[in-house]
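S.K.: Sequence:
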Amino acid sequence: MCRELLKIGVGVCVMLSMGVAFAQDEVVARAGDVSVTSTEAAGLFQSLSPESRARLSADSATRDQLVRSLLARKAALAQAESKGWDKQPQVQAAIEQAKQDIVLQSFLTSMSVPPADFPSEADVLAVYERNRPAFMQPRALHLAQIYIAVPQDAGEKVVEAARKRAADLAKQAQARPASFETLARKSSDDKASAERGGDVGFVPEPMVQPQVLSAAASLKPGEVAGPVRTATGFHVIRLIEVRDAAARPLEQVAPQIRASLREQRARQIAQAYLDQLIASGTVSIDEKALSSMLTKTQ
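Numbers -23 to -1, 1 to 275, taken from mature numbering (1 follows the signal peptide of the UniProt record, and there is no 0), label the letters of the sequence shown in order.
In short, the hints are calculated from the structure, not lab data.
Treat the hints with caution; some may be incorrect.
[To be verified] Pairs of lysine-lysine residues, derived as DSSO-like cross-links and limited to a Cα-Cα distance of at most 27 angstroms, are as follows:
#, residue 1, residue 2
1, Lys163, Lys141
2, Lys168, Lys197
3, Lys51, Lys76
4, Lys141, Lys168
[What the hints assert, rightly or not] Taking CB as the label site, the calculated pair distances span:
#, residue 1, residue 2, range
5, Leu271, Lys168, 57 to 63 angstroms
6, Ala57, Asp2, 21 to 27 angstroms
7, Ala103, Glu28, 21 to 27 angstroms
8, Leu54, Ser156, 50 to 56 angstroms
9, Arg244, Arg45, 50 to 56 angstroms
10, Asp2, Gln82, 24 to 30 angstroms
These figures come from a predicted structure and were not determined experimentally.
No residue lacks a Cβ here, since even glycine has one placed at the ideal position from N, Cα and C.
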């Protein structure tokens, strides 16, 4: 699978097309009485970083895993509410605290919007020049694969059969590199990349599985290696292109820098506002009472 070619955190999933305006809030997943709607799924996927969404856009297995997790959480919540768990004093207190935090954060956000012309172009350039190493784009490999899946509970015979199948495909691809796309479309168990002739696109080196990275290290563009064993199967890989590490141009990272500077300035404005509220009145703190409370909680 594509996800086995990459290093993926548990909380990372595929991004569905978020530009779609849903005609109605249709159900996209269901487990018993619990369901996930298109709006809920869209919100879940929008919480991911653009890089994660782009990198994993073809990984249906990880997408399904995340939706299953959401279904499980909703099912557990329904059971908890049916038992009156949300009415327990400590839960009610936590809900009230969360409400206060949300109201306060929303209010402070509205009170701390930086001027529209902040930051200046000079500010953005200065941050870029001071932090060039942070804006480096890592070396990336443009890879294609033929993936042969191996079940987690597979016995030795099944594993060996999969290895032989992958080895045969590798032999064919090495003998006729031009046949790689055809072989991938016909034989790869990762159907998403198979539809593209095995192409998984550019993958930053830090995201490539160590076994795959090691096998690709000796390849020249167009060459094939494998089979490469990973946790869930075998890969026959083809190196298409290498993109060296390079500094991302200013125009590419300027929006990121601008957003970061505006966020910093907003925090400064909010803190100044809070400090001013306290400074405008007389503050009295009962240190003895506070000390007594701390002693009792130990």
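S.K.: Are the hints correct? Go through all of them and say.
M.R.: So, going through the hints one by one against the coordinates:
Between Lys163 and Lys141 the alpha-carbon distance is near 17 angstroms, which keeps this suggested pair within the 27 angstroms criterion. Our distance criterion of 27 angstroms between C-alpha atoms is met by Lys168 and Lys197, whose separation comes to about 26 angstroms. This hinted pair checks out: Lys51 and Lys76 have alpha carbons roughly 21 angstroms apart, not beyond 27 angstroms. With a C-alpha separation of about 20 angstroms, the suggested pair Lys141 and Lys168 falls inside the 27 angstroms cut-off, and the hint holds.
Between Leu271 and Lys168, the C-beta spacing of about 60 angstroms keeps the proposed range 57 to 63 angstroms intact. For Ala57 paired with Asp2, a C-beta distance near 24 angstroms keeps the hint of 21 to 27 angstroms intact. With their beta carbons about 25 angstroms apart, Ala103 and Glu28 fall inside the hinted range of 21 to 27 angstroms. Separated by about 51 angstroms at the C-beta atoms, Leu54 and Ser156 satisfy the suggested range of 50 to 56 angstroms.
For Arg244 and Arg45, the Cβ-Cβ distance of about 37 angstroms falls outside the hinted range of 50 to 56 angstroms, so the restraint is violated. With their beta carbons about 27 angstroms apart, Asp2 and Gln82 fall inside the hinted range of 24 to 30 angstroms.
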